[in-house]
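Those protein sequence lines, which keep their order, are chains G and H.
FYI, the numbering for the first sequence is 1 to 277, going by my numbering.
FYI, the numbering for the second sequence is 1001 to 1385, going by my numbering.
Worth flagging that the hints you see were computed from the coordinates, not collected in a lab.
It cannot be assumed that every hint is accurate.
EDC-like cross-link-like pairs, simulated, lysine to aspartate or glutamate; straight-line CA separation at most 16 Å [stated by the list, open to error]:
no., chain 1, residue 1, chain 2, residue 2
1, G, Lys172, H, Asp1083
2, G, Lys261, G, Asp242
3, H, Lys1200, H, Glu1185
4, H, Lys1317, G, Asp174
5, G, Lys173, H, Asp1083
6, G, Lys29, G, Asp47
7, G, Lys87, G, Glu167
8, G, Lys92, G, Asp242
9, H, Lys1196, H, Glu1185
10, H, Lys1080, G, Glu167
11, H, Lys1287, H, Asp1254
12, G, Lys177, H, Asp1262
13, G, Lys43, G, Glu265
14, G, Lys43, G, Glu262
15, G, Lys120, G, Glu142
16, H, Lys1080, G, Asp174
17, G, Lys196, G, Asp146
18, H, Lys1226, G, Asp147
19, G, Lys177, G, Asp131
20, H, Lys1280, H, Asp1083
21, G, Lys173, G, Asp131
On the chain G side, residues computed to face chain H include the following (Cβ under 10 Å) [as the list claims (entries may be wrong)]:
no., residue
22, Asn28
23, Ala89
24, Ile151
25, Val153
26, Asp156
27, Thr157
28, Tyr162
29, His171
30, Asp174
31, Thr190
32, Arg191
33, Thr194
34, Ala198
35, Pro245
36, Ser249
37, Asp250
Short derived list, chain G residues pointing at chain H, Cβ under 8 Å [unchecked claim]:
no., residue
38, Asn98
39, Asp147
40, Gln149
Note that CB positions come from ideal geometry on N, CA and C, so glycine has one too.
One letter stands for each residue in the lines below.
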Amino acid sequence: MNKKLSKLLAITAAAALGLAFQSVAAQNKIVIDGSTTVGPISKAFADYYSENHPDVNITISESGSGNGVKSLMNKACDIANMSRFMKPAEFKSCVEKNIMPVAHVVAFDGLAVIVNPQNKISTLTLEQIADIYTGKITNWKEVGGDDAQIIIVSRDTNSGTYETFNELVLHKKDVAKNAEYVGSNGHARTRVNTTKNAIAYVGLGFVDDTVKPLSVNGILPTSKSISTGKYAIARPLYMFTDAYPKMGSDIYNFVTLHLSKEGREIIKDLGYIPVCE
Amino acid sequence: MKDYKRKNPAAKSLIMDRHNSAFKAFCQYAGRSMLLAITAIPTISIIFILFFIAKEALPFFENFSYVKEFFTSTAWTPSKDADPHFGALAIFYGTLMVTIGSCVIAVPLGVIAAVCLNEILPHNLAQKFKPVVELLAAVPSVAYGFFALVVFAPILQNHGGAMMSIASIIAGLPIALVSSVLIGEFFAAKLFGKKKSSAKKIFRAAFPCAAAALVFWGAAELFNVKISSGTNALNASLILAIMALPTIVSISQDALSAVGRDMREGALALGSTRFEAIFKILLPCAKSGIAVAIILGFMRVVGETMVVWMASGNALKIPEPFYNFFEPVRTLTATIAGEMGEADQSTGSARYHVLFAMSFCLLVAGLLMNAASQWVGSGMKLKKK
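Make a model of the complete structure from these sequences and hints.
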């Protein structure tokens, strides 16, 4: 019986050692966390990058810009995707934890204000949108539509999309109390697609034929109107790293992928606007 | 053991030597302490969770002006840098509303289903139904949430009135008919005595007719209700009720089957009908078990996050009027899930601590409910003695 036990022990020990060795010889890893808006870009980049570098293991989570910073400052990720710039407090706590955040602007994104395709409205001014979201305008007929109550759909306050919208459109005023909050861009699109009187805002990449983007101040959100600065609700999208990555490293290659021709194609395909033509 | 060995040398070969028995004793000791340690893990983790949440909530509760706002105001703007507000009254109300709504749906359904499974259906059929009901508990909550958002919300928006009027006929008509017949019998016996007469017959028939008319009128009224947004308190309540059902059904059924056969047979032997046996004997006997089932189902509803985050609309206000289930509401759990990412942990801001204050309130509610279920459950055992 003792022999059996020692045999078992030996096998277990061998297995444990084997596991330990395996983890030592792990592949190169890039861990990415953060914004759900930048997420699709990272995913497409990761697919493209791991095709050419099969030894690199890329993990991507989408937990919102705020969580991205947190992961970066706790060294839980290598790249933090963000759809807004870091706040001073976040920057400060990063530095306190010996993390030096460096921003890489990978693309531009316009926030499209979307309504149901059945809605008569196709254009609103920035002030009208702000009035709708702050609760001053509650009925579609006040902006020339049908006599129906406006269902306001907003992203959750956790998201960079909310922060950008709140800053660029609402100028940091409070969102109306009857606004509904949803957890992701896709979720917002679903709500608008299934609700006739809803209005929401999503990243340009999420606009498809199930919803209708409104022109803001008479200008439709297109890649041209955004890259020329005509469309009012646009923002840069960031990837943050801890210090500038070592040239030639996998992280360096990843955060500079958007500059290459293929990277620009990927960004265009996703509906975002590349930084350089 | 030594005495035994000395007296019976023949038994020596059957008994392990001292070295071996010491080893065995050690093994036994080690095994027991390991089991103790394993058992202690959940207990210790509960204590740690309590301690951690209380520790993180304390900085918020220390500031009295915040606490007053927390419980009395509906202004919730924690993300503002200057002059943030932490009024969680609407959020507390939303939690209460969704919980009550789902309990109102789930408790009668669950208890009736348990009675049906245990008392009315033939045994082999019940054996087939029960696993199916319990399967509801295995569906991931995000799948329920997705269903609520993508399938149920549009249906509620477009055909909400029709759906509710059909539901009110299906649920309301039998209840109204049965109760009106009983009430009719009662008054007919009082007014006309025991004699048979045509007036009595008409009088008795008038009650169910009136009840049916009332139900149909209500259904017609409901038919015209327009629901502007499908993600609302009703949606969340319904989906949560479905999620709480397996808990309520299976625990209530266990409680009912724990009532002895003698009770059932005694009741029937004394001439009671099946209805009387169930309502006057079995349900009162199993009432503490059923109460525990309800409390556990209630706790499931209060703690659920993903479904309410996706289905309730998350609007930060108390519905107008306060009983309006067609308006979006927000619950404590959804708020915690939604705000956690931006709440600045490193700077220890009030926005971070207020979420822990909410968790603390939920935890206290959960502990109270748990204590209540323990108390009710022990009441059942005492009575049996």
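Which earlier hints turn out false for this structure, listed by number in ascending order? 2, 12, 20, 22, 29, 35, 36, 37, 38, 39
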